[in-house]
Amino acid sequence: MAKLAAVLATTHHPFYLKATTAPADQQIPEAPEWKRKVEAYRETLTKAEPELLVMVGADHFHQFFLDNYPQFLIGKSPRYDATFYNEEREFGIPKYVLEGHEDLSNFMHKGLLARGFDFAFSNELKLDHSIICPIITTRPQADLPVVPIYTNIFAPPLPSPKRFWDLGRAIREIIDEYPSDKRIAAIGSGHLSLELGGPRQFRETGPDPEFDRQAIEWLSTGNIDAILANVTHESMARSGNATHGFMDLILMMGIAGPIPAAYSDSLSLFHTMEAYITWYPEGAAQ
Amino acid sequence: MSRYYVNKFLFTVDRDPELLRRYKEDPRSLVTTWEQSIGPKLNDVERSTVHSLTDAERDALINHDIVALFEMGAHFFLSLTIFIAIYDEDWMQKYGPLSFQRDFAKRLAHWEGRDYPPVGE
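Residue numbers (the working numbering), protein chains in the order written: chain A, 1 to 286; chain B, 1 to 121.
A few of these clues could be false.
What the hints assert, rightly or not - Okay, the calculated beta carbon distance ranges per label pair:
no.: 1; chain 1: B; residue 1: D90; chain 2: A; residue 2: E88; range: 31 to 37 angstroms
no.: 2; chain 1: B; residue 1: Y95; chain 2: A; residue 2: P70; range: 36 to 42 angstroms
no.: 3; chain 1: A; residue 1: D118; chain 2: B; residue 2: P97; range: 41 to 47 angstroms
no.: 4; chain 1: B; residue 1: P97; chain 2: A; residue 2: K126; range: 25 to 31 angstroms
no.: 5; chain 1: B; residue 1: S52; chain 2: A; residue 2: K126; range: 41 to 47 angstroms
no.: 6; chain 1: B; residue 1: V50; chain 2: A; residue 2: R79; range: 47 to 53 angstroms
Unchecked claim - Residues of chain B clear of chain A, computed beta-carbon distances all greater than 12 angstroms:
no.: 7; residue: E25
no.: 8; residue: R28
no.: 9; residue: S48
no.: 10; residue: T49
no.: 11; residue: K106
Claimed, not checked - Calculated lysine-lysine pairs in the DSSO-like style (CA-CA distance at most 27 angstroms, straight line):
no.: 12; chain 1: B; residue 1: K94; chain 2: A; residue 2: K126
no.: 13; chain 1: A; residue 1: K126; chain 2: A; residue 2: K18
no.: 14; chain 1: A; residue 1: K162; chain 2: A; residue 2: K110
no.: 15; chain 1: A; residue 1: K126; chain 2: A; residue 2: K110
no.: 16; chain 1: A; residue 1: K182; chain 2: A; residue 2: K126
no.: 17; chain 1: A; residue 1: K35; chain 2: A; residue 2: K18
no.: 18; chain 1: A; residue 1: K47; chain 2: A; residue 2: K182
no.: 19; chain 1: B; residue 1: K41; chain 2: B; residue 2: K24
no.: 20; chain 1: A; residue 1: K18; chain 2: A; residue 2: K37
no.: 21; chain 1: B; residue 1: K41; chain 2: A; residue 2: K126
no.: 22; chain 1: A; residue 1: K18; chain 2: A; residue 2: K95
no.: 23; chain 1: B; residue 1: K24; chain 2: A; residue 2: K95
no.: 24; chain 1: A; residue 1: K110; chain 2: A; residue 2: K95
no.: 25; chain 1: B; residue 1: K41; chain 2: A; residue 2: K18
no.: 26; chain 1: B; residue 1: K24; chain 2: A; residue 2: K18
Quick caveat, the hints were computed from the structure, so don't treat them as lab data. Quick reminder that beta carbons are idealized off the backbone N, C-alpha and C, glycines included.
Could you put the whole structure together from the sequences, leaning on the hints where they help?
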């Protein structure tokens, strides 16, 4: 059976690449520390020696729109183009082509359906920065095949936090059952408190630093009970109108299980707090 | 009211460099063109008869009226992204980094601490 080598839950700050590759005299003061932290985080994936990546993210109205927006969707392509024109324009993120893994995509899709998760699917999915940002930060050589999973954290009504946790648990079971000797890592990106297009955007910190500290503690201690007792769609909206991306971090903890993280780091930046969490569910790479 | 159609405008224009350029340079003309030939499109052949803009929605789009769009429940991500594309570079040169984004927030300050207009059900 496949081995789940590592589970990573990370924020995806689309300006990381731009901020850390600008000429030194034009970089924000936090750039060197940001780069150090990201490279240290990358090492938590590298040392798990993954061969295949299950990637969790959310399309930001790049491929999907309100005429036909899936709650949960899996990519089933042999290959994935990535980065849309308006992301290159705004964030300076380059184009990528990632190899897919049709066998695991199909196995995952059937396994999800069997567990009551009626996923939409796409044979022509183009990936956006929710998946490419963590590739840039954790696997910049972009050399491993991926199985992309998209969630709806963006176009209400949204699935519940509990549903994201349960989905993570189901993905874990399917990875554990996958008949392969491959080492699989699951990498998902989301947000802590975040405001976009509202009165609390682009401040010196994220809109709710207290939630951010609490959320990182919950994730790093595997405390799903506290998350489900405290986090609702309404509570996330009070922390910032785009905070619902936190549910993708809950999903990742669902893949790991209710266990303490092996690695947890954060960085307060303008506009948002970054979080970098890694679990090694079976002690792999420790 | 068609919040959906306002969002469709923002979505289709933001993803197309030529439409975006026209929306920046002559918003009234682009909104007219969009309502006639782009908004109704389902694909290259099919047309929808379902949606239309109200006068208030049309005015908000023509005037790049961030506050009105927020208050009618236009999706925050679409609104932020398209107006960054239109204004950020000019504001950066005049007033420095993030000046447009911070002014955008300031114009919505009266919503802080309140429930925002819903962007979906």
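Now for the hints, and whether the structure bears them out:
no.	hint	result
1	B/D90 <-> A/E88: 31 to 37 angstroms	20 angstroms, violated
2	B/Y95 <-> A/P70: 36 to 42 angstroms	40 angstroms, holds
3	A/D118 <-> B/P97: 41 to 47 angstroms	45 angstroms, holds
4	B/P97 <-> A/K126: 25 to 31 angstroms	30 angstroms, holds
5	B/S52 <-> A/K126: 41 to 47 angstroms	30 angstroms, violated
6	B/V50 <-> A/R79: 47 to 53 angstroms	36 angstroms, violated
7	E25	17 angstroms, holds
8	R28	23 angstroms, holds
9	S48	9 angstroms, violated
10	T49	15 angstroms, holds
11	K106	8 angstroms, violated
12	B/K94 <-> A/K126	36 angstroms, violated
13	A/K126 <-> A/K18	22 angstroms, holds
14	A/K162 <-> A/K110	21 angstroms, holds
15	A/K126 <-> A/K110	22 angstroms, holds
16	A/K182 <-> A/K126	25 angstroms, holds
17	A/K35 <-> A/K18	11 angstroms, holds
18	A/K47 <-> A/K182	15 angstroms, holds
19	B/K41 <-> B/K24	22 angstroms, holds
20	A/K18 <-> A/K37	16 angstroms, holds
21	B/K41 <-> A/K126	22 angstroms, holds
22	A/K18 <-> A/K95	14 angstroms, holds
23	B/K24 <-> A/K95	26 angstroms, holds
24	A/K110 <-> A/K95	30 angstroms, violated
25	B/K41 <-> A/K18	36 angstroms, violated
26	B/K24 <-> A/K18	25 angstroms, holds
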